[in-house]
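Student: Read off the chains here:
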Amino acid sequence: MSASSTAEAPFVPKTKVGSFTNFVDERVGGSGILREFGRKVFPDHWSFMFGEVALYSFVILLMSGTFLTFFFDPSMAETHYQGSYTPLYNVEMSVAYSSSLNISFDVRGGLFMRQVHHWAALLFVASLGVHMLRVFFTGAFRKPREMNWVVGGVLLILAMAAGFTGYSLPDDLLSGNGLRIIDGVIKSIPVIGTYTSFFLFGGEFPGTAIIGRLYVLHILLVPALILLMIVIHLFMVVVHKHTQYPGPGRNDGNVVGYPLGPVYAAKAGGFFFIVFGVLALMAAAFTINPIWNYGPYDPSPVSAGTQPDWYIGFVDGALRLMPGVINDFHFEWVIFGRTLTLNVLLPALVPAGIIFTVLFMYPWIERWVTKDNREHHVLDRPRNAPTRTAIGVAGFTWYCVMWAAAGSDLIATHFHVSLNDVTYWLRTLFFIGPVIAFIVTKRIALALQRKDREIALHGRETGRIVRLPHGEFIEVHAPLDEYKRYKLVGFESPAPIPAQPNEHGVVTGKEKRRAALSRWFFEDRVAPATPAELEAAHAHGHHEAIEAGEDQKSLSH
Amino acid sequence: MGNHSDGSPNHSGTVATAGQNEVEKFQDPGLPPHRLRLADTDPVAAKRAERQVAILFGTSVIGTLVFLVAYFAIDLGDDTSIATIRTQNLLLGLGTAFAMLGIGTGIVHWAKALMPDHEVSEERHAIRTEEDRQAAVRIVDDIVDETGIKRRPLIRNTLLGAVALAPLPALAIFGDLGPRPDNALAHTMWAPEGDKLKRLTRDPDGTPIKASDVTIGSAFHVIPEGLNELHEGKLNEKAKAVVLLMRLDPDSLNPSEGRENWSYNGIVAYSKICTHVGCPVALYEQQTHHLLCPCHQSTFDLTQECKVIFGPASRPLPQLPIAVDAEGYLVATSDFREPVGPSYWERDEHERLINS
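Chain order of the listed sequences is A and B.
In this text, residue positions in the first sequence follow numbering that gives the first Met the number 0: the first is 0, and each later residue adds one.
In this text, residue positions in the second sequence follow numbering that gives the first Met the number 0: the first is 0, and each later residue adds one.
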């Protein structure tokens, strides 16, 4: 035994698995990684699952999409369909459409894979959207996560791009009309529109190049960018650690939750299989995009009730809402011999432009208004930030009005109302819908805050009615325990910050505008209940409790 | 929040605390006491949860088997009916769903019922420490210093110039993505070839239409003669040339000056491509004489030369001037007198070109 050596004896693995693991570990440093991340704490809440759904949908998209590429042929060459779907037998069509039909009818499991892919795409964009709403309404975009919010916004745009490029690939009648609309929108762009259209389609619409080009964008460029953004997104999640909902024991300096191994990893990993299973169930039972019903693309026919996939709906709806002519005022202008077609350009670009500009800038807007440069890791309950919540609901309402407008014809036929009236109503809602939504949401949020205050100070209603000796009826209120109470009182209620002079002693115009915005944000506010108020409420309640002869219960009304 | 242990003080000027101070706030009581689950205290319940997880995993195995059986037992031959494909799709999907949901719900149930559910608290650390910042600044200074880029502006400026110009070829090389538009959008197949006027033919079979076939109230989907014989660019030409042909009571048409001869006996032909964003205006409301685009609901009034009466389009549908040839077939007497389809930047220029 040479125990005199000061150096530790090198680790010698005893099993085969051990020596294999050791071999890898000595070369990549896995132990250090495991030590860092193996027990990393993740807060748990059902609303944190939306981002996971998006991630898992994307993984499923990659898997099902790869399968589809083995059978899909993105060629616009003309062919006569020879597959087993008899209604289209010998019909002239593009190779792309023919191979999409073959995937559906002649490749075993092909239809299933197509439907999984399409449903996963719809779910991917939807879960991204809901995840972003969750992040917005809980204020998770605040410092230090502003940049990750922007990455999320880029991901939303990329997801819509991935969806649209994929939607067009089967070259069926419906998607062809979608491309036709895109072509019309591109052509409305001043100066470069016509050139852009010719460059995209390789000449006149529809040409023979577009499917192949969209295919490369769809299976290579866009997914690569999405993957890159996901890597950046998750990297920042690791750097920031996850946010947590407010509650006893949680503050901006800690992170409370389950360790990655085993509980969180098991839940998150298991959830992947659940998402996959649900998508498989949808693909099994619900037909999506039955391209065989539409026929090959032909510029002449179109079916009534055409709809884009849901995430493009808001742009299509905006196109529908914009009037081309009001009385005799035309929105198409000829200026210096050039055509400016605002009836297409404005609805195609302006609403989406406003939504994404405000979305990207919002963290900085709120930071400027509140002058708040602290890190926030504890989320806001939406009611505790009434103005932000109201802004979010107003924006969401605006989006939904446009989205509903994309189905204006279906609304008219299903509810037996005039299509023109539906359009007029939606045009009205386009302007006043967000205003109403803002006012209503803000009032509801303030009311919920007052309710929280009431419960924190006077306890929860038990439903037990007691008659006092002098004849008065009261409802018995049960006091909250300190943990439940802290959840209701442990929040900040910022007050407006008046305009402050800068270092030269001057109150700038910008600062005055900020102060005005700050007042608009925070002038209606409900302060959290304080211990002194609770004391006062208790004293009052105790008085009644004695009168009621209730020794243990603290009463109040 | 009541207590900030992230080290950032509540600056009085920058954070609205609304006259509150720490004393007036509730103190954080800390994490609530942990509550044990049934499976933590009752071995029977734990055993039951264990069996449930195993059953869920077993369901997954059954799902996988269902998938394999559906894949191999149902063969898609040449004479497969839609019903068979639907059945196979359903079984493959259900098999996958059970295979995945079995694993997923099993693992989640295992985690929730049997794995420790103690919430733990971990300190957050500063994303950037002041020490790191200073070290990084020193490193950057050293790097910049070693390159000497500040001392040698010639190198800096030539490099900036080179890097600024270098991407230009990357832009230029995409120049052949498409041809220049030129006047392609100004013309359609309807232009007469020499003296030969193009007949109006039925879409899609291409048979010519006699004026006598067109009864009052009827509508035809029309393509130009010779379209089906094209080998290249057939869809491109069709996308510009498709026409809707309708016959109304001649008195209900109100042709403007110069268009009196564009119709024949109440028969009128209008471009089917919407002037909004180019969908086919495929719906003809016979009673009201309206044409409706199903994509965005632009509505055009045939009795007012297809003026826009509702919806997002801003321009009337272009009219195709028609007449009858010696054999009684409908022909186009000229191309459209304006570009068809959605508006574009050069559109007005093209319209002037056509009419000059």
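Be careful, since some hints might not be right.
Derived coverage of chain A by chain B (criterion: at least 3 residues anywhere in the stretch with Cβ under 8 Å from a Cβ of chain B; other residues may be distant) [what the hints assert, rightly or not]:
hint, region
1, 251-258
2, 425-435
In silico DSS-like pairs for lysine-lysine, Cα to Cα no more than 30 Å straight-line [unchecked claim]:
hint, chain 1, residue 1, chain 2, residue 2
3, B, K209, A, K39
4, B, K24, A, K486
5, B, K46, B, K149
6, A, K142, B, K195
7, B, K195, A, K450
8, B, K24, A, K370
9, A, K483, B, K111
10, B, K195, B, K209
11, A, K240, B, K209
12, B, K46, A, K240
13, A, K483, B, K195
14, A, K441, B, K24
Just so you know, the hints here were simulated from the structure itself, not pulled from any lab data.
Computed from a predicted model, the values in this text were never measured in an experiment.
Cβ coordinates follow ideal geometry from the N, Cα and C atoms, glycine included.
Student: For each hint, tell me whether it holds in the structure or not.
Tutor: Evaluated hints:
1. Coverage of the region 251-258 of chain A by chain B holds. Counting CB-CB distances below 8 Å, 8 residues qualify, and the rule asks for three or more.
2. Against chain B, the region 425-435 of chain A contributes 0 residues with a C-beta closer than 8 Å to a partner C-beta. That does not satisfy the three-residue criterion, and the hint is violated.
3. For the proposed pair K209(B) and K39(A), the alpha carbon gap of about 80 Å is over 30 Å, so the pair is violated.
4. Restraint check: the Cα-Cα separation between K24(B) and K486(A) comes to about 13 Å, which is no more than 30 Å; the hinted pair holds.
5. A threshold of 30 Å between alpha carbons decides the hint, and for K46(B) with K149(B) the separation of about 73 Å lies outside it, so the pair is violated.
6. Restraint check for K142(A) and K195(B): the C-alpha separation of about 73 Å exceeds 30 Å, so the hint is violated.
7. With a C-alpha separation of about 83 Å, the suggested pair K195(B) and K450(A) falls outside the 30 Å cut-off, and the hint is violated.
8. With a C-alpha separation of about 22 Å, the suggested pair K24(B) and K370(A) falls inside the 30 Å cut-off, and the hint holds.
9. A threshold of 30 Å between alpha carbons decides the hint, and for K483(A) with K111(B) the separation of about 23 Å falls inside it, so the pair holds.
10. Taking the CA atoms of K195(B) and K209(B), the gap is about 17 Å. The hint holds against a cut of 30 Å.
11. The hinted pair formed by K240(A) and K209(B) fails the criterion: a straight-line CA distance of about 76 Å is larger than 30 Å.
12. Taking the CA atoms of K46(B) and K240(A), the gap is near 36 Å; set against the 30 Å cutoff, the hint is violated.
13. With a C-alpha separation of about 88 Å, the suggested pairing of K483(A) with K195(B) is violated against the 30 Å cut-off.
14. This hinted pair checks out: K441(A) and K24(B) have alpha carbons roughly 25 Å apart, not beyond 30 Å.
Hints 2, 3, 5, 6, 7, 11, 12, 13 from the earlier list are contradicted by this structure; the remaining hints agree with it.
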